[in-house]
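Student: Please assemble the complex out of the two chains, which come individually in their own frames, going by the hints.
Which chain is which? The protein sequence lines are A and B, in order.
If you're matching positions, the first sequence starts at 1 in this note's numbering and goes up one per residue.
If you're matching positions, the second sequence starts at 1 in this note's numbering and goes up one per residue.
I should point out that these hints are in silico values taken from the structure, not numbers from a laboratory.
Check before you lean on any hint, since a few could be wrong.
[Stated by the list, open to error] Keeping only pairs whose Cα atoms sit at most 16 Å apart, straight-line, the calculated EDC-like set for lysine to aspartate or glutamate is: (1) 42(A) with 124(A); (2) 250(B) with 220(B); (3) 2(B) with 61(A); (4) 159(A) with 124(A); (5) 268(B) with 108(B); (6) 248(B) with 223(B); (7) 159(A) with 116(A); (8) 34(A) with 16(B); (9) 250(B) with 199(B); (10) 221(B) with 241(B); (11) 159(A) with 61(A); (12) 221(B) with 256(B); (13) 2(B) with 124(A); (14) 34(A) with 10(B); (15) 2(B) with 60(A); (16) 250(B) with 261(B); (17) 248(B) with 199(B); (18) 42(A) with 199(B).
[Unchecked claim] Partial list, computed: chain A residues near chain B (C-beta under 7 Å): (19) 77; (20) 97; (21) 100; (22) 104.
The model shown is predicted, which means the values in this text are computed figures rather than measured ones.
Note that beta-carbon positions come from the ideal geometry of N, C-alpha and C, so glycine has one too.
The chain contents come next:
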Amino acid sequence: MESTFYQVLELVLNFGLPFLLLLVAYIVGTMLEKGHFRSIRKRESEYATFPVVTFDTMPDDWSASSSTLVSGSVVISLDYFKRVIAGLRAIVGGRIKTYEPLLERARREAMLRMIEDARRDGYDAIFNVRLETSRLANSRRDGKGTAGVEMLAFGTAVKFASRFARAQ
Amino acid sequence: MKFIPRQPREGINVSDTHPLVEAGTLVAGLTLIFVFIALLLIFLVEIALYFIPVEKEVALFEDWLPEDLITVSPADERLHQAQLLVDRLAFHWADAPYTFRVEIDDSDVANAMALPGGLIIVTEGLLDQVESENELAFVLGHELGHFRNRDHLRALGRGIVLSLFLATTMGNDVSSISVTVTDLTLRGFSRQQESSADEFGLALVYTHYGHVDEAWRLFEKWDNDDRIMPGVVSYTSTHPDAGDRVEKLKDQALREGWPIEGLITGLKW
Ligand SMILES: [Zn+2]
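Same shape as in the complex, but just chain B (with noise of 0.2 Å):
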């Protein structure tokens, strides 16, 4: 039998495209479906929440706390406090479908969150930088605002939705992905649901005290030391803005003339 010799044949086992082209291809035809399935997603949310009515969101989260929450004493007078503060606010939001409940995290950094089921969450380090309660109940107000949006519910879509997409994308087990829904809460509120949430918070701080002083001095504090030492106020890491939204609550006081100074009510405990 005769030997022929031959050298591999190139072009067989190799695909000639150029791992280039392959490269933009994958990254160009993933984008748009990741899109497509997101957008897809958010549709799927508002629908879900034109379904789901406030009544079976407080049934589903009525006694729900966060799993990392750690409270404070029941006892402790700023959640007394904070709690007849909400309620008094709530009593000017005509027919709330919340009953709301207030929590305090003990935890440093300054924070307000609104979750679902009329749960509000402030943590120890804000209750620590308020100095008065017209300052509180803004932020307080604030929060209110995102439950009458439904802004928590919104952001808990969203927070499934890049959830999802950062684990396929990082190349993880979807099925391996844990996300407090407290996480999923805090993502991705968007700066026009912020604004929202400011009116409607600074509206029913007017119509409590008859005057929005000290409403947003938090914020102007925040602002400044954000701008010295960015990063640091945790605040402003899920409320962005600070500054702008200070702006912003001027400009509706002024507008709405609601006056900018008036009788400070003092901290209860």
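Just chain A, same shape as in the assembly (with noise of 0.2 Å):
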């Protein structure tokens, strides 16, 4: 039977390739993900001395000669696989578990990206630090699919009066 051919043919265009997509989605994706992972501890270490607070008024012991607004931001994209895996947890509720490392890097990305911002002018902490995220709507026609988040960390940066000050 000839027709079988067309049959199993048809069958992997409808279900194969987008397994497959999702196959190479999930891959590469993970891939990514683990990247950007170690790239942040890395900075994070690096800049662990440096102090980022988020009370709204600079703390009574800084003495600071200097400041400035200091931002970092970030926008990173859903890939395939989350997004199918989220789509099936939308059906029944909960946790959409493979969001929260895509939301967690753009979190720290964005914090070590104003630190970035700050350390660059010669600052040397920040304060009242907030964070703020936005969904980017992708060009799908209903406007309702997301194409990934935006996170936005800024805070007042500050150079202290003397380097004595900073020694706390």
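Tutor: Here you go:
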């Protein structure tokens, strides 16, 4: 039966290709995510001693000579695998576990970029740090799909009046 | 105040479930749920069929026509002849509860379908390929077989189940599915339902003509066409395995001792 061949071909095209895409998305997505986390951890340990606090006023024992607004923002896209799994999760509800590392990366990366922003200009510490997030709608016709998330970290960076003040 | 350097703690904000485990759990769980719901709905369809007598079905769908149907002129001779043929065949179905209506759809693809309320639709494409009344009689008899087994309503129920399933898995809004009754009825006739309708149709043809000559000629033709260009013949997409069915029909005729040769009645148009 020649028509069996076409049926198999149709089956492969209909289900095989999306599955392959899913597999590729998973492998590549996992690799990129692992790489990103490695980079995040490395930079975090590098900047570990840089004071970053969320007080909305400058701590009393800091004496600053200058201050500025610093910010760091990052946009991260979902991979196809995460999106599909989240779609399945949306049917029954519950924690969207595949999105958690995505947002974790975004938060930490945004903080790091903010710190890098401050350090590049020789600032010594940041206070009043805030995090904000927004969703990027993608180009789907209904505008409902999500292309990715933006995470923004910002705060007030200060230069200490003397090196001594930083010793604390 | 002392600033204590500290790196973000891992494993607080990110669940340590492996993504593949999460995927597997979801797929397996949802499959189970869907299978359960599908079985439940199919079961409910069967129950509903038991409680919806044919009279009610006929009353509900008495004047109904599919929206996308493009009918030929009511004065068309083929319509008249097809209706006559159905009536004559149905005469051999003792106490048939339906009053059958025939409509011809202006479509080039050869197809015939049984729809709720005793509506039989044949396409112009099918009529163009029919060369004798005997061939047409079997196609119509087959559709009568679907009515006798109430396959058209079963398919309707299963069609709804399938649409719901597709709508949820494709992530569409369930409220946004728009499917016509025709679509639904055409989905999911099982091989068994087809065989059973075939048997009934052939019996009607034999009772009417006294032989079964040319009853399955169209199927043989479609089977050949399908081998050359699969998927082109529409009838075979809703009525699969033309070749298989021809074999079964031949077996049936042999078993019952029905003559496979006889006087062919020409078309009267
Ligand atoms: Zn059929």
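Student: Hint by hint, work out which the structure violates, then give me just those numbers in ascending order.
Tutor: 1, 5, 12, 18, 19
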